[in-house]
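Each chain, letter by letter, is given below.
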Amino acid sequence: MSEQNTDLAALRVEVSQWLKENIPADPGFLLPQSFMEVGSDEQLQFLIAWQRKVYDAGYLGMAWPKEYGGGGLTQAHQNIVDEELMNHRAPIIFNVIGLGWAGPLILQMGTEAEKQKYIKGILTADDIWCQGFSEPDHGSDLGNAQTRAVKDGDDYVINGSKIWTTFGNYAKYMILLARTNPDAPNKYAGLSFFLSPMIVDGISTSPIQKITGEYGFAQTFFDDARIPAECLMGNEGEGWKIAMQTLQYERSVDGGQASTYKFLPIALQDLLDTCKEIRREGKPLLEDPVVRDQLVQFMIEEKSLSLMQERSDVPALCTDYPFSLALSGKLVATELFRRSRQYAIAIQGAKGSLYVGDQLAPEGGMWQRAYFNNFSATIGGGTSQVQANIIAEHVLGLPK
Amino acid sequence: MSFININSNNAMAFSDEQSMIQESARAFCQDQSSIEDVRKLLDSKTGFQAPVWQQMIDLGWTGICIDEQHGGLGLGLENLIPIAESMGRHLLSTPFFSSTLASQLLQRSNDASQQALWLNKIAAGSVATLALLDDEDWGASSTRCTISPDGVLSGKKVLVHDAEVAELFIVHCQQDGSEQLALVSATKMPEGAIQLHSLIDETKRAAVVDFSGVKVDAVLDCSSVDALLSEVKLIGALLTASEAVGATASCLNLTVEYLKTRKQFGKLIGSYQALKHPAVDILNMMEGARSQIYHAATVLADTNGKVDQDVEIACRMSKASANDALLFAGDRAVQFHGGMGFTYECDAQLYIRRAQWSQQQFGDSAHHRKRLAPLLLGC
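So the sequences go chain by chain: A and B.
Using this note's numbering, the first residue of the first sequence is number 585, and each one after it goes up by one.
Using this note's numbering, the first residue of the second sequence is number 3, and each one after it goes up by one.
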């Protein structure tokens with residue numbers, strides 16, 4: 585083993601031990617399955633404390649530069665930690681928009697002052713971040729964003745509305761895409777990118793209740809909100825380019841995230857466990873040939889997905905469509921999860937109609953909640969249909 | 003009862019050797035098997051061009067996995083995957099798979115004298131083939147084909163690949179309930195014993211072979227016929243899967259090219275999402291299956307060709323995913339070509355036919371899922 589591998593193997597053992605000792609006890613209230621469903625103050629406080637603890641132990645932002653609060657190690661180190669968080673089913677690392685999207689973006693494209701100002705607070709969870717991209721009338725058509733930013737002296741004055749703002753009602757900062765020039769030669773050229781404060785007169789949020797019944801998103805309203813001109817990232821007109829780079833991080837096309845552990849691993853393993861518990865004619869469902877066939881099909885697809893990730897590291901095996909593996913990951917994974925979670929309810933029999941809160945709901949309604957929540961993954965960050973368009977156009981070269 | 007962690011072995015490697023073979027196989031198949039070449043061979047007797055086969059022999063492919071002491075190159079099975087994929091991509095059909103599987107079977111037996119007798123010949127280009135099926139069931143572990151105490155066979159085999167050009171048949175038969183593998187030289191076969199099938203894939207050749215009354219050359223010495231056949235069928239499934247992945251890639255290219263050039267209602271049809279999105283589904287299914295076959299290759303390299311549980315899982319997953327990818331690709335290729343797609347002239351037919359052929363060699367998807375279930379579900 586090389587020095588790095590020895591080092592990583594040792595890290596895995598160390599992290600695993602640390603997690604065994606430090607994963608908090610069940611708080612007695614429902615914990616979020618993903619970062620998109622933090623809907624109560626008690627959940628938030630719990631997750632802030634947990635992220636802080638992980639950071640203080642040195643397990644967050646391990647590949648980020650030391651001078652800004654990171655660990656100065658490699659992404660391989662962080663990957664080990666993220667895998668162990670998953671293996672131990674730890675609570676999620678919630679400040680995802682900072683850790684996963686805004687942080688890497690600022691490290692890549694930000695000024696020295698921006699790095700000094702923002703990076704550490706992302707890691708410590710002192711600063712919660714949210715994202716202002718989608719608008720009520722422009723969901724997947726991001727380039728058409730209409731929220732206006734007008735330069736006025738040392739400020740920009742913002743007017744408009746953003747929607748699906750995860751952490752909108754908790755966040756201190758927002759990565760904001762707004763239109764500075766409505767008369768630009770094309771819709772993209774009129775956009776600019778801001779690292780905007782949220783606690784400002786004229787910015788208000790209104791929580792949105794989701795299909796699960798829980799909260800986690802907000803609509804954000806800008807009503808003559810004044811933000812300092814230095815909040816502009818890059819130059820006016822560069823918003824689209826910076827937003828596209830953000831999406832590279834959001835969709836995990838590019839690495840550099842301080843952690844990628846943002847969902848509880850509700851996986852096929854859990855579906856198999858469920859099939860052991862549920863019985864038909866006295867026998868576990870796992871023995872039913874029809875169910876077995878479907879489970880194996882899901883397992884083949886899940887295996888293909890993990891292998892696709894492995895294969896993307898071997899260029900000689902990615903010659904036909906070099907970008908297909910990176911661009912397809914989100915679509916293939918989230919759609920597989922959607923189908924398998926839907927299936928997990930379908931096999932529950934009469935009890936499949938129960939929901940979170942019912943004593944008799946199988947596994948507390950975990951699958952019902954997981955299935956509904958999964959739509960945030962097949963819709964958020966570009967719907968599956970938009971993803972398919974992107975792959976068709978950019979990988980297969982099909983016309984727009 | 004415990005479940006297997008399907009991600010415990012995600013090994014994915016590609017050696018310099020594989021890479022060189024891939025390069026040479028891609029170039030060879032492209033040069034030697036244009037669509038025009040493929041079409042010319044559809045109604046030919048053997049389904050391949052002798053000079054092309056000779057070049058494959060000269061390249062060492064027929065002996066690639068045969069031990070050096072028997073005249074082969076002694077390379078690992080992982081090197082077959084890029085060859086099979088390239089052949090599939092250019093729909094190049096030859097007796098390559100038949101001979102490779104027969105030589106694998108011989109090499110995995112205990113029979114040094116039959117190995118000495120046949121492996122050199124196979125490496126040098128003699129065609130050998132397996133006669134396994136009594137009927138449609140790839141899951142059958144017994145056979146109705148019998149061998150008498152004095153070595154005379156009785157019974158027919160179906161779907162014997164490349165029977166007409168084979169110099170050696172390896173026949174699954176039984177004597178008093180005990181499974182045997184008999185070796186039969188083509189010279190022993192009576193006139194009329196080989197009747198060509200009419201196959202759905204016209205690039206392939208297979209026959210019904212009636213072995214009744216034929217005296218075998220030898221009975222193969224092996225510890226377990228069942229185990230040996232299981233191994234060879236898994237390798238056959240993987241080779242077929244690799245070939246299918248290659249075919250899926252060129253089928254997708256054919257479809258995408260059409261979507262990029264054909265106009266209807268004033269627009270390129272590739273701009274319609276109803277066609278675009280399934281094209282992406284084909285791509286993703288192909289990429290999944292391709293990952294599976296190269297993982298299987300890696301696992302086989304890691305075990306030095308030994309078929310253990312990881313290899314079995316990888317081969318079965320490869321076959322199931324490759325079947326499904328090519329079936330979907332071929333089906334959509336015909337549909338998306340519209341009226342042209344329904345014609346024999348349109349190349350989509352070559353792929354939809356190949357898809358139907360491939361899925362039925364060495365087990366369809368449900369066959370493999372059924373056998374994966376106990377391995378993956380722990381019961």
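It is worth saying that the hints were derived from the structure and are not from the lab.
Here the structure is a predicted model, which is why all the values come from computation and not from measurement.
Take these hints with a grain of salt, some might be off.
Unchecked claim - 16 Å max Cα-Cα, derived EDC-like pairs, lysine to aspartate or glutamate: (1) B:372 with A:871; (2) B:262 with A:977; (3) B:158 with B:136; (4) A:984 with B:137; (5) B:269 with B:283; (6) A:699 with A:640; (7) A:984 with A:591; (8) B:372 with A:698; (9) B:372 with A:725; (10) B:269 with B:259.
Quick one: which hint numbers does this structure break? Sort them smallest to largest. 4, 5, 6, 7, 8, 9
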